[in-house]
Amino acid sequence: MKLSLGPILYYWPRQVVMDYYEKMASTAVDIIYLGETVCSKRREMRLHDWLELADHLTKQGKQVVLSSMTLLEAESELKSLRRICDNGDYLVEANDMSAIQILAERQLPFVAGPFINLYNSPALKVLVEQQMRRWVMPVELSRLALQAIHRGTEEMDIRHRFETEVFAYGRLPLAYSARCFTARAYGLAKDDCNLICLQHPQGMNVKSQDQQEVFTLNGIQTQSAALYDLREEMSEMKHEGVDVVRLSPTLEGMVEVIQAYDDARHGRAIEAVRAEGQCNGYWHQGCGMDHQSSDDLKAD
Amino acid sequence: MTMMELVCPAGNYPSLKAAVDNGADAVYLGFKNETNARNFSGLNFRDRKLEQSLTYARDHQVKVFIAINTYPQAERWQLWRDSIDMANALNVNAVIVADIGLMEYATQNYPELPLHLSVQASATNHESLRFYQQHFNIRRAVVPRVLSLSQVQNLVQHSPVDLEVFAFGSLCIMSEGRCHLSSYVTGESPNMCGVCSPARAVTWQHSGEVLETRLNNVLIDRFERGENAGYPTLCKGRFEVNERLSHVLEEPTSLNTMDLIPQLAASGIKALKIEGRQRSPAYVAQVVSVWRQALDAYYRAPADFRVDGVWKQTLKNVSEGSQTTLGAYSRPWQ
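Just so you know, the sequences run in chain order V and H.
Those letters in the first sequence? Residues 30 to 329, by this note's numbering.
Those letters in the second sequence? Residues 139 to 472, by this note's numbering.
No wet-lab data here; the hints were simulated from the structure.
Predicted model only: the values in this text are computed from it and were never measured.
It is possible that some hints are incorrect.
Derived coverage of chain H by chain V (criterion: at least 3 residues anywhere in the stretch with Cβ under 8 Å from a Cβ of chain V; other residues may be distant) [said to hold, decoys possible]:
{"no.": "1", "stretch": "202-212"}
{"no.": "2", "stretch": "315-322"}
{"no.": "3", "stretch": "352-361"}
Taking lysine to aspartate or glutamate and the EDC-like style, the derived pairs with C-alpha atoms no more than 20 Å apart in a straight line are [said to hold, decoys possible]:
{"no.": "4", "chain 1": "H", "residue 1": "Lys201", "chain 2": "H", "residue 2": "Asp300"}
{"no.": "5", "chain 1": "V", "residue 1": "Lys236", "chain 2": "H", "residue 2": "Glu378"}
{"no.": "6", "chain 1": "V", "residue 1": "Lys236", "chain 2": "H", "residue 2": "Glu350"}
{"no.": "7", "chain 1": "V", "residue 1": "Lys236", "chain 2": "H", "residue 2": "Glu389"}
A virtual CB, placed ideally from N, CA and C, is assigned to each residue, including glycine.
Build the full structure now, drawing on both the sequences and the hints.
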């Protein structure tokens, strides 16, 4: 199984981003997704910055994929999207059907990101025929759903034509809105947000009135509060034929996370995940926020 | 000028009748299972009631759209496929769909069956619409409730298909089809199961003077005596951010675009959708009746159109939290 580093979902200063990837270049990840997927106002990194970084990381032996925006409303956003699609060198991760349309028109291969709604094998087949090379399973799907999807694509004899990637680590991207919740939390209008997201490199915590952590605000994106972590499920993912395991960037501790996943994929012993603040429910066909410890799993 | 079509919700036979009797041009409904995005107990249609409903609508020259707009679960694909077969056999005016696998199936097997792109497909721009039009020949798309009025106007200019917008009803603030909040907390989502914040996960609990609403044990809100306690939909809960308590995502409020009828008509929008298959027949009757009056008044004398105070009050009274908003169309938060 390959390890991928997903696109950075938060808004970090340019230098932080550059330093971060310099560190990531020497980790065990095989694939790195680069680009802004959440908000078109986040412009610390421009396309040419991402492309320079892409060249640099490619030279270091990483496969680079350019990720594109998820919610596109304005003509200017479509224009930026076309520039990404026309980059000439790198595979593109489509996070909206508009990207797939643009790439398909140019007969270019693509990765379907986690917010392209692929829930069954006939849907996958439609995109395989448009040169989809890899798909990232929607985060709410379970191991059982993946089994059924893979079975379906085997029956249609298309399983060999695409790779399956599973979002395995990080705060789960759960929803997108036109509205910016970080700006709202500060009482700011979206157009005058002062790029407030820069102050929240890991998002803003949302708690219930009895102090349970529920969500994380990240601009127009809402994430889980808990960290999704499937490191203990690596052997199950391997068994299901998962080709790529996606780790979503966090500012702190990412090198250690990658090390743990690298150990797990090579069958080396890893430390158990702390249950507190962690979740793995979606993979086990439960509520996303649930956590099943490996002891619970053995008891099943 | 072609009149914008008034597309109305029918959760059961009495609601369908109420919609038809009060001036719907079209009704939309779902089968009694998770193939549609209002899969609530006690709602939706099958067998004899379905036939009876179709007959009633047709006898009154009202179109029927069937919503098969959830994403087929891989292990139960057959259920969704059968629903398309059934909709085709029923000879309905259109099927409202979101899943590309299902669209492919419909296109291959029933090329004459008109497809409308569901709001659940989250097509917010003309390149996306072009994809669905080129591959599946969709005739119409329902526009997500995230676009501003000027974005909607721009979309009509560039869209390869007719567009339908939400006119009135509950407000999803998330991009529809791209929200997993419900499955994160309850295990069931709009995309897979056709439910959001499902009733089976809800508890209402008095704690002294305070009423607490919970969803799968997560505290969504607390109401003091006398406060209007709303259904615990996740995105409308009161939570803490930076130690401040507020409706972090959205206040409980309903969408009402009646003021925008002239702009929507002028922009070339083909249809207006009333949300609310989960609402009562009385609600459907009131809302449809008021909207019929408003549209008729507009088309009688477009230049003189103004929203009547009685219409406004009627809509306000039936709205969530007795509040209405223009939502993303006006974007007060922009």
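- Message: I'd like to know which numbered hints this structure contradicts. Please list them from smallest to largest.
- Response: none
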